[in-house]
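Protein sequences appear in the order of chains A and B. Under the numbering used here, the residues of the first sequence are numbered 14 to 455, in order. Under the numbering used here, the residues of the second sequence are numbered 7 to 117, in order.
For the record, the hints were derived by calculation from the structure and aren't laboratory data. Any given hint could be a false lead.
Claimed, not checked - Interface residues of chain A toward chain B, partial, derived using beta-carbon atoms under 7 Å:
1) 258
2) 259
3) 359
4) 360
Each residue gets a CB set at the ideal place from its N, CA and C atoms; glycine is no exception.
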Amino acid sequence: MGRKVVWRDAISSDRRNGAWRYLSLCSLSSPDFVCRYVKILLVDDDPIARSIHSMLLHLQGHEVIEAADGELAWRLVEEGEISFVVSDWMMPNLAGVDLCRRIRSAEFDRYVYVILCTSKGAKSDLIEGMDAGADDFLVKPISPEELRVKVRAGGRVLSLQQGLADRNRELATINSQLQAAHKLVEDDLKAAAWMQQRLLPQPALHARGLRCEWRLEPSGYIAGDIFNLFPLGESETGFYLLDVCGHGVPAAMMSVTLSMVLTPDATHGSPLKRYNSATGHFDIRSPEDAVHELNRRFQFKDDRYFTMIYGVFDAYSSTLRFAQAGHPSPILMKRGEKPAVLGEGGMPVGLWPKIEFDCFEVDVNPGDRLLLYSDGVTESLNGDGETYGEGRLLAYLTQHPLHSMDDMLEGLMEEIGSWRAGSDFTDDLSLLAIEVTEDGIV
Amino acid sequence: MQFEESTVNGIVVVKVLEARIVADIAPQFKARLIEYVNKGNRKIILDLSAVAFIDSSGLGALIGSLKAMGNDGELALCGATDAVVNMFKLTRMNKVFRLFANQEEAAAALA
Numbered sequence: 014m015g016r017k018v019v020w021r022d023a024i025s026s027d028r029r030n031g032a033w034r035y036l037s038l039c040s041l042s043s044p045d046f047v048c049r050y051v052k053i054l055l056v057d058d059d060p061i062a063r064s065i066h067s068m069l070l071h072l073q074g075h076e077v078i079e080a081a082d083g084e085l086a087w088r089l090v091e092e093g094e095i096s097f098v099v100s101d102w103m104m105p106n107l108a109g110v111d112l113c114r115r116i117r118s119a120e121f122d123r124y125v126y127v128i129l130c131t132s133k134g135a136k137s138d139l140i141e142g143m144d145a146g147a148d149d150f151l152v153k154p155i156s157p158e159e160l161r162v163k164v165r166a167g168g169r170v171l172s173l174q175q176g177l178a179d180r181n182r183e184l185a186t187i188n189s190q191l192q193a194a195h196k197l198v199e200d201d202l203k204a205a206a207w208m209q210q211r212l213l214p215q216p217a218l219h220a221r222g223l224r225c226e227w228r229l230e231p232s233g234y235i236a237g238d239i240f241n242l243f244p245l246g247e248s249e250t251g252f253y254l255l256d257v258c259g260h261g262v263p264a265a266m267m268s269v270t271l272s273m274v275l276t277p278d279a280t281h282g283s284p285l286k287r288y289n290s291a292t293g294h295f296d297i298r299s300p301e302d303a304v305h306e307l308n309r310r311f312q313f314k315d316d317r318y319f320t321m322i323y324g325v326f327d328a329y330s331s332t333l334r335f336a337q338a339g340h341p342s343p344i345l346m347k348r349g350e351k352p353a354v355l356g357e358g359g360m361p362v363g364l365w366p367k368i369e370f371d372c373f374e375v376d377v378n379p380g381d382r383l384l385l386y387s388d389g390v391t392e393s394l395n396g397d398g399e400t401y402g403e404g405r406l407l408a409y410l411t412q413h414p415l416h417s418m419d420d421m422l423e424g425l426m427e428e429i430g431s432w433r434a435g436s437d438f439t440d441d442l443s444l445l446a447i448e449v450t451e452d453g454i455v
Numbered sequence: 007m008q009f010e011e012s013t014v015n016g017i018v019v020v021k022v023l024e025a026r027i028v029a030d031i032a033p034q035f036k037a038r039l040i041e042y043v044n045k046g047n048r049k050i051i052l053d054l055s056a057v058a059f060i061d062s063s064g065l066g067a068l069i070g071s072l073k074a075m076g077n078d079g080e081l082a083l084c085g086a087t088d089a090v091v092n093m094f095k096l097t098r099m100n101k102v103f104r105l106f107a108n109q110e111e112a113a114a115a116l117a
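Take these sequences, add in the hints, and give me the full structure.
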């Protein structure tokens, strides 16, 4: 049932009774008399007209708030809760059309539906009213039927608008929940990235005759590429760079697992050493033996795998020995010679119990360098979809032979960065440069 | 993920119409190939002549499909471009997969 609220303007019982009689003739017989409930602000300076219209609206099931002029009406709209205004045009203080303009220029968080009532219904009035933002018009004297259908139409518009506003609010809530969830995931990834960084060698790490510099650029926060360099025995230093197939979290988790396993600490069953029962000591496995052992331990039974270069530098014999399991060939830069590609490949680790791969040994001298890298380097795409390739990598190294290792890697990263500019290619990118130092040869 | 399906001498031939088999389409690629296996195809020829590039994830998808075929199935590849052949050589997958120049040669070998 509708409620009638009288605001600042009492309506006498005589007038009310008159209106009841008027209404009983024109409106009560309507089949859809009870229409959707709307709270309406009725604005009219003529108390008689206002009281009739108010009664009509009340009988049609609406809640009515009355105002005797535009300024009073404006204050009520401003206070909130009013979304439907039926206003007379000609009024003291603030005319209906100006009230309408003021409502439109205000930035309310709700839509206010405005019907203007004119006494003449002239075309120029309609145009001015529409310009002012009126939604509909009623021509005085107002027929109860017209009032009923126009208020009902306005009610429909408001209810659609309300539905939309509710949906928007719901979406905003979901959106903020998503943002919170995203931040949680992002924070986790940042923490994982920090932990992964801590597994990498210190910059300019120097270990038993080898010095290394590196760069790692994950495609996301964390990488499937990982590498390290560590003392292995009295005269041996081990190093590796590996790339777990795919990228993102699954690849990164595997790369971290592998980095924990690939340590010289034999007490944890390192695959890099083997217990010699005759001597009671742990012998250092050759690179090929170590990679076979890794392959034995990491049989994934699906299509996961990783590629790697594992090498051992022996300071006594001044040799570097590597195994190349499915990984791009390393580049050897001997002092005074052109950079050369070593090895032709081999099967990746983890796919089959028996794998074959290249193994090779080179003699080295102080100042000689070796560059290990992941396929993200050579497979980097430019804007035309062309890969960077081994040829360009070799050309760069040939053209910049005298740079320090750090400068060499910095220059390479810049070159690859500008190669990639304009393409959306994403893969982990890693570079590990190793140099034999003066104290490296015993 | 676009495939073109045909038959040569009664053997199903799947031509890959993607220029790049890389990480973002690899899972779908593998799922589609395994569908062929699950439909009971024991012999499949995969035509890679339109594929200009395959990365490690793409290779993983191929290996996954090969493993899904099991011992009684046969998967033959044909028409691999230079970049794809180089990838197979680097990873020695040319010793695991059977590579042929074209569909006819592959079909003759599987017959």
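(request) Using 7 Å as the Cβ threshold, decide whether residue 259/A counts as touching chain B. (result) 5 Å, holds
(request) With chain B as the partner, please determine if residue 360/A meets the hint condition of a C-beta pair closer than 7 Å. (result) 5 Å, holds
(request) Against chain B, run the beta carbon of residue 359/A and see if the smallest gap drops under 7 Å. (result) 6 Å, holds
(message) Take the shortest C-beta to C-beta distance between residue 258/A and chain B; is it under 7 Å?
(response) Where the cut-off is 7 Å and the nearest Cβ of chain B is about 5 Å from residue 258/A, the hint holds.
In summary, the structure agrees with every hint in the numbered list given earlier.
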